[in-house]
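For the record, the sequence lines run as chains A, B, C and D.
Residue numbers for the first sequence follow numbering that gives the first Met the number 0, so the first one is 0 and each next one is one higher.
Residue numbers for the second sequence follow numbering that gives the first Met the number 0, so the first one is 0 and each next one is one higher.
Residue numbers for the third sequence follow numbering that gives the first Met the number 0, so the first one is 0 and each next one is one higher.
Residue numbers for the fourth sequence follow numbering that gives the first Met the number 0, so the first one is 0 and each next one is one higher.
It is possible that part of the hints are untrue.
Copies of the same chain look alike in the list, so a pair counts if it works inside one copy or between any two.
[Claimed, not checked] Calculated pairs, DSS-like style, for lysine-lysine (alpha carbon to alpha carbon, straight line, at most 30 angstroms):
1) K398 / K12
2) K7 / K154
3) K149 / K403
4) K14 / K403
5) K113 / K238
6) K207 / K154
7) K113 / K7
Calculated directly from the structure, the hints in this document are not laboratory data.
Protein chains: 4
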Amino acid sequence: MRTAAQYKTDLEKMKDNIYIGGHQVGRDDPRLGPGVNVISVTFELAQNPDWEDVMTTTSSLTGGKINRFTYLPQSPYDLMQKQKMIRLTAQRVGGCIQRCMGHDALTALSVCTKEMDDKNGTDYHQRFTDYLKFYQQHDLAAACAQTDMKGDRIKRPAEQANPDAYVHIVEKRPDGIVVRGAKISITMAANADEIIVIPTRALREDDKDYAVAFAIPSDWDRIRLITRPVWLRERKGIKAPFCDYGVSDSFIVFDDTFIPNERVFMCGEWDFGRRIALLFADSHRHSYTGCKPAVSDILCGATALVAQANNIDRVSHVREKLSEFAGGAELAYAAGIASALYGEKTSSGTFFPEAVYANVGRRLMGETIYHEFNLLTEIAGGLSVTLPFEEDFYGEQTKSDLDKYIVRNPEITPEDSHRIWRFVENLSASPMAHWYAIAGVHGGGSPIMETITLNAEYDYESKKNIAKYLAGITQNLDQSKLLKEKPNAL
Amino acid sequence: MRTAAQYKTDLEKMKDNIYIGGHQVGRDDPRLGPGVNVISVTFELAQNPDWEDVMTTTSSLTGGKINRFTYLPQSPYDLMQKQKMIRLTAQRVGGCIQRCMGHDALTALSVCTKEMDDKNGTDYHQRFTDYLKFYQQHDLAAACAQTDMKGDRIKRPAEQANPDAYVHIVEKRPDGIVVRGAKISITMAANADEIIVIPTRALREDDKDYAVAFAIPSDWDRIRLITRPVWLRERKGIKAPFCDYGVSDSFIVFDDTFIPNERVFMCGEWDFGRRIALLFADSHRHSYTGCKPAVSDILCGATALVAQANNIDRVSHVREKLSEFAGGAELAYAAGIASALYGEKTSSGTFFPEAVYANVGRRLMGETIYHEFNLLTEIAGGLSVTLPFEEDFYGEQTKSDLDKYIVRNPEITPEDSHRIWRFVENLSASPMAHWYAIAGVHGGGSPIMETITLNAEYDYESKKNIAKYLAGITQNLDQSKLLKEKPNAL
Amino acid sequence: MRTAAQYKTDLEKMKDNIYIGGHQVGRDDPRLGPGVNVISVTFELAQNPDWEDVMTTTSSLTGGKINRFTYLPQSPYDLMQKQKMIRLTAQRVGGCIQRCMGHDALTALSVCTKEMDDKNGTDYHQRFTDYLKFYQQHDLAAACAQTDMKGDRIKRPAEQANPDAYVHIVEKRPDGIVVRGAKISITMAANADEIIVIPTRALREDDKDYAVAFAIPSDWDRIRLITRPVWLRERKGIKAPFCDYGVSDSFIVFDDTFIPNERVFMCGEWDFGRRIALLFADSHRHSYTGCKPAVSDILCGATALVAQANNIDRVSHVREKLSEFAGGAELAYAAGIASALYGEKTSSGTFFPEAVYANVGRRLMGETIYHEFNLLTEIAGGLSVTLPFEEDFYGEQTKSDLDKYIVRNPEITPEDSHRIWRFVENLSASPMAHWYAIAGVHGGGSPIMETITLNAEYDYESKKNIAKYLAGITQNLDQSKLLKEKPNAL
Amino acid sequence: MRTAAQYKTDLEKMKDNIYIGGHQVGRDDPRLGPGVNVISVTFELAQNPDWEDVMTTTSSLTGGKINRFTYLPQSPYDLMQKQKMIRLTAQRVGGCIQRCMGHDALTALSVCTKEMDDKNGTDYHQRFTDYLKFYQQHDLAAACAQTDMKGDRIKRPAEQANPDAYVHIVEKRPDGIVVRGAKISITMAANADEIIVIPTRALREDDKDYAVAFAIPSDWDRIRLITRPVWLRERKGIKAPFCDYGVSDSFIVFDDTFIPNERVFMCGEWDFGRRIALLFADSHRHSYTGCKPAVSDILCGATALVAQANNIDRVSHVREKLSEFAGGAELAYAAGIASALYGEKTSSGTFFPEAVYANVGRRLMGETIYHEFNLLTEIAGGLSVTLPFEEDFYGEQTKSDLDKYIVRNPEITPEDSHRIWRFVENLSASPMAHWYAIAGVHGGGSPIMETITLNAEYDYESKKNIAKYLAGITQNLDQSKLLKEKPNAL
């Protein structure tokens, strides 16, 4: 397993194909540092004996000890350990741990390549397995690039005025393929070792050139990463781990990019478009049942802390609001557990989470994230957005004023009071706050997408059968279904 | 195991201590029939080989095959099977299966009697075990009488103007105790074999006479059941299972009632008042993660069915509303699964569900039940409360009118259209509808009670530790807790 | 103006064309009495000098003093007085005052007949004016029959498999027309003097036979009222005004019914179908901004009263919940005021409420009614649905038990405690409760209908102009609109 | 009336008593510019003949033409024009117009000084009137400094460990008073001509030194403004009005500041502490019924615009979401209209808005602001927070990529597409977004404060009387109240 230092060294060796604010920059650009720090935590904790069971496991391919982020789950327990690992690491970096994207892309490819081969006699699964060995042996961290620019949202890929609105194959050569298009909002691409590309939606036969999946190093030829990093104002006097972490998203342009065959995992199988898109989505939504509770945990802890700073932590309405975080976080986490427990062994051997539970869990958090920020704001008060800048707390003419007045709860020192309010500001009124709110809605699929998935996956017919039975409508009633039907997820 | 017929015969042998609408009645009063029918289903399904694994199990006391409703869970799997059994049976009777009350009271007593003995050297647990053997051998169904009349809600029992506002011991004799007071809103008491009485709240030392738990047959001397049955208007032409089921609640008066020692399971242990109250509540809340999803299933099925009758089942907002049922039911059910999985083995051997998950699951359903009825109403339209009476569908001058106009979806016959609307009326605009809405809020503890439990049980300190860590507040930070803390329920 | 007694006498003279539960009955059927009592209050309060300004006014046609329910508003003040009258009378009858339906139908006809005449040179407006004089002089109370059975909800009238799914003209004669079809869920039809029929939706040219409006006495030849009354269990010992009032809805069958020309107000003008449907809907939604706040007032008062009976009326969460009623009722009432103030004088002289405000007000109450019942339930507790029947409070063996235990707040007598709980039961767990909840969603158009109206009426373009201006998009920006646009309703 | 240029010139003459980020700065600091631009709009529009009626009026003191922001309302119409002016100007500056603070402080002082004089024979009202003449003649813009640092939130001023936690009088001299303390979160103080200071809460007799109100120029001796400005990233290529506007909040330290008698408007009248605090709050909440709808308008317009850019503006769920903005904005605006209409003439002559309507309107917007941002985010998608920086749209290697891919709706040019997404980013994922969200909750009092006010002001007794009447409880029923009671606000 790599160390965090090795990971950084490897990044720095890459070619400069990143653009930020009109300039071409290297992966050592300080604005990318916070994202690098996040991934580093996944290496550091894997070296920590306290968390060995959670962070590491044994490869099903090589028998070697590997980071769990590179591992394909083989059982419900593995899925639950993944959830735990994600909640833990997310708590440590203040939110998104990023590296699960690659994990979920590998999960999706492992299942889908096998199914395509089973149907068509192709050999994608072997290619994929070779790639996975390489990935585990080098302890890599991959971004998953799924979301295309999409163009007109009402039209399918082949119907678009701009044929490049979705990434597609423009040429097939003996040794590989050439692709064109753009993927957007791709988190961690600028600090990933690899980028795994998969389709974003169901496809029809005339969309077959859009059925393409592959993996490349993130500094591959003829791709450009137009990157928007998010970071916090650097602390001057009172350092805090929260400020060390951040994220970046990239607009990835594929400019007639060549992909060698051994890294191509889907090439024209339009009838698997929906399947692979959902495999990634559902695996990723299961991962969200780990990280979103962690985001709630952090918001809950901050709210409880600032309530104490305001000396209102015993007030009735404050207590009720705090319990809302418990409700949100634990319902979503429980959904992940149920999804793990009622998952299924796929033909590839990978154990895959159950879709209904993954989707109800993810959707809940997507629906409540703005409300959770609202709760923190209600308890914190307006100061979270009107707090004087940090430097004023050290200014010659202002330090004594601020030290004197910042204390509300006399049991908390001026410095800790300042630290609490500054953290609340960072958490709820900073660029990271917007990122967490908006990613909380859209990352892994927005609530409307989970609703669509639920409407496809949920067994409404069995519910109608119950209603028919109780209503005395026996004609056309599938009695066996009524009697044998699993009262969901049993 | 008893048959449903034996259960009914046993009921009919009981003394007439029930009062309805000013009259003393027997247990064969037709208004009690719907409640008897509900319990009967628990006997019938236990005889059905299709559901053997769910409905029956092996007694940990006798090794005999018993109805799972009389069994104490010994493992997470047992708790999950209990959930499944409750969801299944609740789907079959249109909602509350009632018999879990006794199960949860037995669970609470099994744990608490052992803990009292361990502390005080008493022998309650042996008494209880003898009682449980008797209960299992006779395949009994018990109500649990917990809620007292309570008097002034702000005062504790010993502070009340009316000392009988809570059930209490008024005399101790060598062979037993004498109790006085009233329990209210006690579901199924009028069609139960037994009534198990436990305290309803935390107690202080001067409340010690209110620390009393015992079990009696439901026709015991010097108790009166003032009973309010709920039932549906009897169908004339189109019979439906939903109309065969119902419920009753009793106001149980203890009028200096003698309880023999062998049936007394707590007698003055005021310091276990909170413990036993919560043991019942939390076990029962776990049971609700089985039955409340079933109520959602029924509402979901009815909504889907009436949407079809209105021919609007493909309309976008209807689909979104249907998916809300999936969200509610499965999040609550998942909470039950997590509660089972992270439960604990108590000193008595009984496996007890984890409190946080049981409470977030139960609370969610208590918060959404009115909204779920609202969803059905939105899709069904005003007809659910303006539908002409059933007899008009057979009246000489009105039959042809109604047969002609009741059809909206031409693929559904007039009779099935009528059945659907009649069922929707029964489900959403009948006395049972109110019972389900109000029991959905209050049964097993209203949302405010779950909030109180959560605020006592949830580990807010660990959340604050995460916040402190991220904020850079290291003084007084319990690092070990931060590092070792279970990211909840691991 | 008529007295209540005269109104009842007039009703009793009518022919028996009502069917309830399979039997033909007269208007003196006791199940219709509660609805008759509601309308009677509108006559009684009009005789009360305390409310003269609110309940009566001067006819714009005859100069005589008339009941305001028969009057066409001529100014914003008139609309505000109408709102006030409705809130007042609704508070007195426990909810729906019913008689506003006729008022709103007359309002719609007054405007639409004039507009049709202006366009087509017809003489509907004179016919209508003659009818209105007759209506005012006889101080009549009319139901409005708008909602058709509708058949397949996705298809328009002319597309239906059953051509009678919407009421339509089947024959034109020199002296009148013959109509066929059924109107459903028609409140108060069975205790109205007159029934006014109007179309329920927008129409196209091939639907022109469905463009028909007329007025008839409610016992007219060849119409049948299949009526479903709603009433409360009669009180035995403790009488209460709330139990004297109720409602009925009728399924009205038009069985080739002849309508004389002087009572026909639309006959084929399909291009005014949407107009008249919305005129009634919007006027009625404005009326709802009077009655729905009254329903909230009653629920609020009951909740405050039962909180006092539970002695929890100073508890923080109870106070917060009470304030939700204030929010709902007064926002809706304010919307009615704004709708009145920004209404417009139509070509007929009738002053018509502004649509956006009427719709946001009505929608709010339709969205919150189930929640308001939920609030009452939360504060009242389970007793509202488990309270023993009234007779048990007088039973020989049960009276002393119930008198003793029903008191929670020692400052309230047993009888008043009983009255409070009984009222809460009547209000929240009775057939009337369902009627109010479901009518609260659907009466006058459900929230989804108001959303559709808002999407048609609200000036989204002006909002987009503001956004374009702020975004710096000046091309295609209608500057004059931006600058002159009314910041809504000014 | 001043011009915007004169206002700026006057600001620049002030002494440098502002501190930002550890440095003492002048009022020409560019970070203060956006706030100055906001106030400038109030001068500019007052010169625009199109808006003369809205923006200007005639002084009740001098008879001269004045800016309405300096005017005391004398009638319901004046209050409605104020609302209109605020909605208009807020739409133009992208949100908070700031200058209403001074208006509401003057309103509160006008009423309270008269009432204190009437009770105590003081001459505050004359002092105030002199000040107001000066204010109107110079067309001034004042901030209102109400919120103290507060210290321990559970304790009153006199009970605090730090006696300076609330601003208070430390010395009385013949010619004035000396005050000490700090006011926080004071919007616009750094770009105001004047600062008006009033108490923030109810006081008891021992708090009498905290009963102090006065007005001073914002660069007065011995006050320090530690200021946190909020501004948007400056646009490089595509300018937009939204980016020209911003805000700053100040932490104002009163360091033994001398206030001359003629500018002191309350000095020890502790029994008017609650009165003046609420007078400002309620007047300001009425002002919010103008500006909060404008914030909704802007969010609504942006959502509609980005829906068009995504070409999903006809999709059903998008339409429903858009209509939520209409619901929020117009209900709040209607509440302001009702508050104006049912306001009252105070003894000072100032016409004051009705409290219940002002509070339900303000509370609604405070409860929904986070949800409104959520709506925009749902429709906009993740791009609002992952959009590449503006410079990348002009970068040599990235311009053509971004121009090509940014277009989703082919009818919108690349530049306008970019403008739309950039505006959405500015509006929903910028420092201003946080300011609007948090100020939307807390500015003028958070929802919990409105709930407290409602619980004090709303006539729950009349609602209980209605319930008692309907329940048949006639003892202790105040019949006259029931009969005469205004069905609220009539």
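State whether the alpha carbon distance between K14 and K403 is at most 30 angstroms within one copy, between copies, both, or neither.
between (51 angstroms within a copy, 25 angstroms between copies)
Please work out whether the CA atoms of K207 and K154 approach to 30 angstroms or closer within one copy, between two copies, in both situations, or in neither?
Within one copy, since 15 angstroms is at most 30 angstroms while 37 angstroms is not.
Up to 30 angstroms between alpha-carbons, please classify K149 paired with K403: within, between, both or neither.
The answer is between: 12 angstroms across copies meets 30 angstroms, while 54 angstroms in one copy does not.
What label fits K113 with K7 when the C-alpha limit is 30 angstroms: within, between, both, or neither?
Neither way: K113 and K7 sit 34 angstroms apart in one copy and 58 angstroms across, limit 30 angstroms.
Homomeric proximity label, K113 with K238: Cα distance no greater than 30 angstroms
neither (49 angstroms within a copy, 52 angstroms between copies)
Within a copy, between copies, both or neither: which one fits K7 and K154 at a CA-CA cutoff of 30 angstroms?
Neither: 42 angstroms inside a chain and 52 angstroms across chains, both beyond 30 angstroms.
Intra- versus inter-subunit Cα pairing at 30 angstroms for K398 with K12
between (45 angstroms within a copy, 27 angstroms between copies)
Against the hints set out earlier in the document, violations occur for numbers 2, 5 and 7.
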